[in-house]
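Enquirer: With chain A's structure known, arrange chain B on it following the hints.
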Amino acid sequence: MGRYVIRRLLWAALIVFVVTLLTFVIFYVMPPGDPAIRFAGKQPTEATIREVREQLGLDKSLPKQYYTFVERLVTGDAAECPQGVEGCGWPGLWISYDSRTAVRQEIIERGPRTISLALGGAILWLVLGVSIGIISALKRRSLADRLAMGFALFGISAPVFWLGLLALFIFGSEGLGIDAFSTGYVEFSSDPVGWFSHLVLPWSVLALLYAAFYARMTRGNLIDTLGEDYIRTARAKGLPERKVIMKHGLRASLTPVVTMFGMDIALLIGGAVITETVFNLQGLGNFAVNSAASADLPAVVGVTLVLAVAVAVMSLVVDVVYAYLDPRVRYS
Amino acid sequence: MAPERGFQGETLLDVRDLKVHFPTPDGVVKAVDGLSFTVHRGETFGIVGESGSGKSVTNLTALGLVNRKAAQIEGEVLFKGRDLLKLTPGELRHVRGKELAMIFQDPFASLHPMYRVGDQLIEAVKVHSNVSKKQAEERVLELLGAVGIPRPRERFRDYPHQFSGGMRQRAMIAMALTHNPDILIADEPTTALDVTVQAQILELIDHVKREFDIGVILITHDLGVIADVSQTVMVMYAGRAMELAPKDELFRKPLHPYTWGLLDSMPRIAQKGTRLLPIEGAPPSLINVPPGCAFHPRCPHRFQPCDRERPAFADRGGGHPEACHLTIEDKRRLWAERDARRLGVAV
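These protein sequence lines are chains A and B, in that order. Going by the numbering used here, the first sequence runs without a break in its numbering and finishes at 332. Going by the numbering used here, the second sequence runs without a break in its numbering and finishes at 679.
Chain A with its partners taken away, still in its complex shape (with noise of 0.2 Å):
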């Protein structure tokens, strides 16, 4: 198991590298021309060309200036720049070009909004999702499985934006008016109970739509592994129904699920688009949306950057926790 975590932590850390290695020579060193002449101003003199170029480290051969721009990433740069120097902190995340403000600071910001929705949303709707899909591949045919496939349908039909705006009236002022339920985002650290009860929709609209796929990935997913002759033994042996299926059933039937968790957490890291929206949370998704619509490279690099390395680590974690669940993986 301890040479398994190690060998799938290098893939991750190689998938991190590329990803970053590819960002740069996308943005850094195939678009055609001079940088340093870009950014020298009006009619600049060969000095200023010159002395740009070394301010930039374009002097310096390609990999120094990947590496000061992995640097970057990782230690910040355009927020010490002081002002009106023009191309401070290139190439790292830099600034934004509509918002003047470093990516980097944007996306420390918008982090923990899109982090606390999507984690949040996928507890509950792994919760929901699981637990129904359960239920029905026990009472197969029962009114409750009917119930509960009427519920996932519905959620998987419901677009987010329907069911968001759907939740707020009713809950906003033009319905029950409960305040602590409005749109708009809370520090944790400032107010514990205003961010939970401020995310508490949100949560809801998202889970409500993956809950529905869990429910019926898991139904199905249990429905067969209960067909698997491992089961006809462990009702041999005389175990309690219970046990055949939460312990010998279930555990073989969470696997794919594990996987789809996975991805789907990595995948909502890199924005829940419409949902923040919808609640105005501000979070990665909007800041994606926006920037991509108004050209803002340097933002689209950081949000690209951001939901590979999410999904890099998300790889990993699914990885390891496969791996715990089925040994057989661990071996081959």
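Because the hints were derived from the structure by calculation, they are not lab data. All figures in this text were calculated on a predicted structure; none of them were measured in a lab. Ideal placement from N, C-alpha and C gives every residue a C-beta, glycine not left out. Certain hints may be false.
What the hints assert, rightly or not - Keeping only pairs whose Cα atoms sit at most 20 Å apart, straight-line, the calculated PhoX-like set for lysine-lysine is: (1) B:LYS458 x A:LYS243; (2) B:LYS401 x B:LYS351; (3) A:LYS247 x B:LYS465; (4) B:LYS430 x B:LYS418; (5) B:LYS401 x B:LYS430; (6) B:LYS430 x B:LYS465; (7) B:LYS351 x B:LYS418; (8) B:LYS412 x B:LYS401; (9) A:LYS139 x A:LYS243; (10) B:LYS430 x B:LYS458; (11) A:LYS139 x B:LYS401; (12) B:LYS458 x A:LYS247; (13) A:LYS139 x A:LYS247; (14) A:LYS243 x B:LYS465; (15) B:LYS430 x A:LYS243.
To be verified - Just a few of them, taken from the derived set where beta-carbon distance is under 10 Å, the chain A residues facing chain B: (16) LEU62; (17) TYR66; (18) GLU228; (19) PRO240; (20) GLU241; (21) ARG251; (22) ALA252; (23) PRO327.
Expert: Relative to the frame of chain A, chain B by itself:
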């Protein structure tokens, strides 16, 4: 209807006129249709038949592993005097794995791939007895040793995929023996194994039968397996018993044309050069079992009233019960002719 003569010993299982029918949208599947037999302590009772002849369903029904809601079950399955069909699922669970144990065809699929073999066996110990984990572990190690798994203490921590097929079947047998059951039901225990391993597993089953003094029900489609270890054999076809006899009698003086067909289609080293004669046709659909004798469409000796009257399962003077309308004289003559013809070809 149970055989008059038969194996001497305590009667463990007495199945009386068992019927298991599954209603489906296409019609009623008559998986078992009026079956009676007894199994005694110390006996290996072989049940032989083609796939779909109801061999497995019979035993799964006894264990309560057939969905009672989906099946119509009639008759009695008396296990040490108690009718298993009348027990509640909760009561039956305490019989299962404790007094009645079962091993299955595919040892690759019968162990849970995600739990250690040792833990799966410990679970089997603890489900019916209130012992500490340590005691359970000791019991498991003892059992693994008893079924011939080398270095049990090391293999205990292995996962099923680290075991070979034969080892897995040994582990399954160990699991079945956990609580010293009265009956071990082995459903095609060697079908998925290599031939050499097959022989070892059959030997092991025979060994534990004597060591633990239990009754064994051996379900198989392979007469060769039956010939190795059984004392009594029941031949099944389309959910019914065709013939039930002590093993030697069945092989030397079979009375039913279906048994003849099975024997003719079985390869034997002693009669090298003899042509294998397959039984013409295919087993019937259990939704649409032929009227009269279920075997009559494939039977070379059919006559009136085979297609109308279902032959009773009874001793017609041949020494053991069978279900065929032919007179005992005809049967003896036909078998003798058949034997002579086969030998003639062989010489």
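Enquirer: Straight-line Cα separation of B:LYS430 and B:LYS418 no greater than 20 Å?
Expert: 18 Å, holds
Enquirer: With chain B as the partner, please determine if A:GLU228 meets the hint condition of a C-beta pair closer than 10 Å.
Expert: Constraint on A:GLU228 satisfied, holds at 7 Å.
Enquirer: Is the interface hint for A:PRO240 satisfied, with its Cβ closer than 10 Å to some Cβ of chain B?
Expert: Holds, because the Cβ-Cβ distance from A:PRO240 to chain B comes to roughly 7 Å (cut-off 10 Å).
Enquirer: Is B:LYS430 within 20 Å of B:LYS458, Cα to Cα?
Expert: 11 Å, holds
Enquirer: Any CB of chain B closer than 10 Å to the CB of A:LEU62?
Expert: Not OK, violated: A:LEU62 not within 10 Å of chain B, min 48 Å.
Enquirer: Does the alpha-carbon distance linking A:LYS139 and A:LYS243 stay inside the 20 Å limit?
Expert: With Cα atoms ~16 Å apart, A:LYS139 and A:LYS243 stay inside 20 Å; holds.
Enquirer: Within 20 Å, alpha carbon to alpha carbon, are B:LYS412 and B:LYS401?
Expert: 25 Å, violated
Enquirer: Is it true that the CA of B:LYS458 sits at most 20 Å from the CA of A:LYS247?
Expert: Roughly 15 Å separates the two Cα atoms, so the pair holds.
Enquirer: Sort out whether B:LYS465 lies within 20 Å of A:LYS243, counting only the CA atoms.
Expert: OK: A:LYS243 and B:LYS465 at ~18 Å, within 20 Å.
Enquirer: Take the C-alpha atoms of A:LYS139 and B:LYS401, compute the straight-line distance between them, and say whether it is at most 20 Å.
Expert: 13 Å, holds
Enquirer: Regarding the pair B:LYS458 and A:LYS243, is the alpha-carbon distance no greater than 20 Å?
Expert: 13 Å, holds
Enquirer: Given the hint that A:LYS139 pairs with A:LYS247, test it: the Cα-Cα distance must not exceed 20 Å.
Expert: Roughly 18 Å between the alpha carbons, so the hint for A:LYS139 and A:LYS247 holds.
Going down the numbered hints, you'll see the structure goes against 5, 8, 16 and 17, while the others check out.
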